[in-house]
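Which chain is which? The protein sequence lines are U and C, in order.
Counting with the working numbering, you get residues 1 to 427 for the letters of the first sequence.
Counting with the working numbering, you get residues 1 to 439 for the letters of the second sequence.
Hints were generated in silico from the structure; no laboratory data involved.
As the structure is a computational prediction, the values presented were derived from the model and not from experiment.
Don't take every hint at face value.
Quick list of in silico lysine-lysine cross-link-like pairs, DSS-like style, CA-CA up to 27 Å [as the list claims (entries may be wrong)]:
{"hint": "1", "chain 1": "C", "residue 1": "59", "chain 2": "C", "residue 2": "70"}
{"hint": "2", "chain 1": "C", "residue 1": "36", "chain 2": "U", "residue 2": "351"}
{"hint": "3", "chain 1": "U", "residue 1": "351", "chain 2": "C", "residue 2": "59"}
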Amino acid sequence: MTTGTPRGLSPVRERLPNGATVIARPSRETPAATIVVSLPAGAAADPPGLDGTAHFLSRMIDRGTGSRSGDEIADLLDGRGVSLTVSATRHSFVVSCTCLSEDFPVILPVLADVTRNPSLPEGDLETRRGEIVTAIRQDQDNPAMVAVEEELALLYPGGHPYGRRVKGSLDSVGRIDRQALEAFRQARFSPAGLVVVVVGDVEAPRVLDEVGRAFGDWTGGPVDPVAVAPPPPPDGRRLETFPMADKAQADIAYGFNTIARRDPAYYALLLMNNVLGEYALGGRLGDSIRERQGMAYYVFSAFEPNLGEGPLVIRAGVNPSNVDRAVASIDEEVRRMAGEGVTAAELASSKQYLVGSMPRMLETHAGIAAFLLSCEQFGLGMDHDVRLPGLLSGVTLDEVNAAARRFLAPERATVTVAGPGEPRGVS
Amino acid sequence: MGDALPLRTAVLDNGLTVLVQEVHAAPLASVWCWYKVGSRDEAAGLTGISHWVEHMNFKGTTHIPRERIKGIIEEFGGSWNGYTWIDQTTYLETATRDALDRMLFIEAERMANGLYDPDECESERTVIISELQGSENDPDQLLEIEVNAAAFKAHPYGHPTIGWLPDLRRMTRDDLYAHYRRYYVPNNATLVVVGDVETDDAIDRVRRRFGEIAPGEVPERRITAEPDQLGERRVVVRKEGTTAYLKVAFHAPAATDDDFFPMLVVDAVLTGAKGVNLWASFRTPPPQRSARLYRALVEGRLASAVSGGLMPTADPYLYTVSVTAREGAPREAVERATVAELDRLAREGISAGELEKARNQLRARLVFESDSVTNIAHQLGYFETVASAGLYLSIGDRIRAVSREHVARAAARVLRPANRTVGWFEPLPRGESGDGGLA
């Protein structure tokens, strides 16, 4: 099987004197470049009582700088077919875009400008607040979103950073003012935590040169990492329903807390999850609930380890009359996985899939940039693409099955259901 | 992608069109098999059958048991999928180049040897109804279905690709199998291979896998052309919800109409250019901060989002502007501002600066949406199915050739009040039921 060259991506990684990290990976496959600018300023760092600050800032940051108005930035980007994607994840604040490579020297300074010198215009504040409020209201009307958000709130209680909504609540967003955004930015935006990844049709020395020019004179001290404590273990099984009478379908989330990305059990759990809820359209869960029982259009499990311990959440959308049957089927597959583990053939297939999918994952500029950023953020090394096949291949059946036993148990599952139906309490 | 060799087209003796494009950037190959059958080919009582047939074509063939068909390409690290829309049904695999023969084998099996086990057909019925109900949970999708149905009173583009629920409940295994046998013939299909392959070798492999499949009678399409719309139509969906949504849809030119590319420019000016890749374009937001409708609605604090949708289609379809009303914004004001911008463009056309910006945006989006063997293969097959692969290859020239005058003509033709259907989703507070149904 082809898995790429032994040399792998071989990106250039340099540290600027101000502490910023630059990663450049030239690729001439399309005459374009993907630029990703990341700062350690995600929602986990939201101040107490002001959930949604990082997200609010992501809506505001490109609306003007000390030297450019919001309209000027819009005209400059739109005229080149470029749209910035600005997002706040749990731990990161990320500004990214793809541009034609001929536009790279113009676009990179704009990204630097909005990151370093946002003016956060007061006049935009209420416009953006209205958009966020509308988005939160849309989420409240989306059963899949309600099920997942409530699942995370139960798995990570007491204000845990992974249990809070990234967008915040209607209340907290109502309280965020310009001062709060500016204070957050001052505290979390610094070259010491900055990572800039450029993948595309631009030579590495030029990337280093341009990034140095755009960010090299930025000064600032270190940014404290956000401590993420392990959540309390669940007392037992929990099941909560969230009635949404006028909807056609019910959405189920069924999950557990698991591990951090750097946990030694990571690769075993990744493979176990692939067998359980990913391989060939939903793994064992897909085979049972979609293929054999015809109950759901979608069913899968998502494993999301992070800097702290992250969740494994099984999700399905089913007819309201099938909720109990679907949850029982998930219970059965979870119990079977914990009790019997995976088979040698299943493990071999999942290994082949995950190793064999790497050329596809690393085909596009955006795919390579996302991979390299995660390597940097989790400290995996710039040769991780070369080592990954070996790390996956080396996982044993015993390790996978030990991971399944350690994390999966229906009696410890946290289950949320949103959609038509009567409310039910803890069971 | 850089340094690509010319596209090679071949037609096998059985009528199968084969398109091969070498791209050697990564050790990958993408195979797509396209059928000229979609929801526009569905008669009353059988709406949704093309999409259901697509689902059945992942349920096993004579030589690939059901439990193997979804994993067979993942062993090569590959991805696979399929979709059905108004003009087309298509299937794809993208995997390492050494899986090329296996990908071709899967598609040949799918064309000729689908099992259509009666129990599997029944089991899939509820999966598809679940898919339908999942989409109904989204008020925006619910509204889209109602607006499209109101916009078309004769042409089958008016019914949803997933079908109407009563048809999904009644359709039989024999209906599905007859539809499959009628349309899944080599002379109604296009097989596309893009990637790290050698063209002659790829065509030989295609011939070995598909050459023995017998051609069929290519079904004659007898489709009612949509008569001119004579006046504005309106549809209002009232249902429990939190947010109001507006759609304004106009009958729009087909892919081969001279006005299609000028209308892409119109959309770029109104909502930012998306490009023309149904598979990839909508995954990244359009450059729209300076677009007319964004400035009027989002910056005007009337909407939280606005988008435009215009896709190349075989027959005239729709250009649809979709607006998410901002919490608390008066609906009348949202609609008034939306329509005012549409009317202004129809009346006054666009400026030279706007034309240049739209061209630049489209040029960039065409590069961005062709960044993988999967995306290139999609575009070749898509255009060959709804129009011709040649049209795809000429897009850059056609966009460069668009003039302000042509944009003005196209906008005046399309963005007319009598040509539009206006749809609203009006959210009702929790506990209140709508007036939209008898149930």
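ask   = Is residue 351 of chain U close enough to residue 59 of chain C, meaning Cα to Cα at most 27 Å?
value = OK: residue 351 of chain U and residue 59 of chain C at ~24 Å, within 27 Å.
query = Has the given pair, residue 36 of chain C with residue 351 of chain U, been kept, meaning a C-alpha gap of at most 27 Å?
reply = violated (37 Å)
Hint consistency between residue 59 of chain C and residue 70 of chain C [alpha-carbon to alpha-carbon, up to 27 Å] = holds (9 Å)
Of the numbered hints listed earlier, the single one contradicted by the structure is hint 2.
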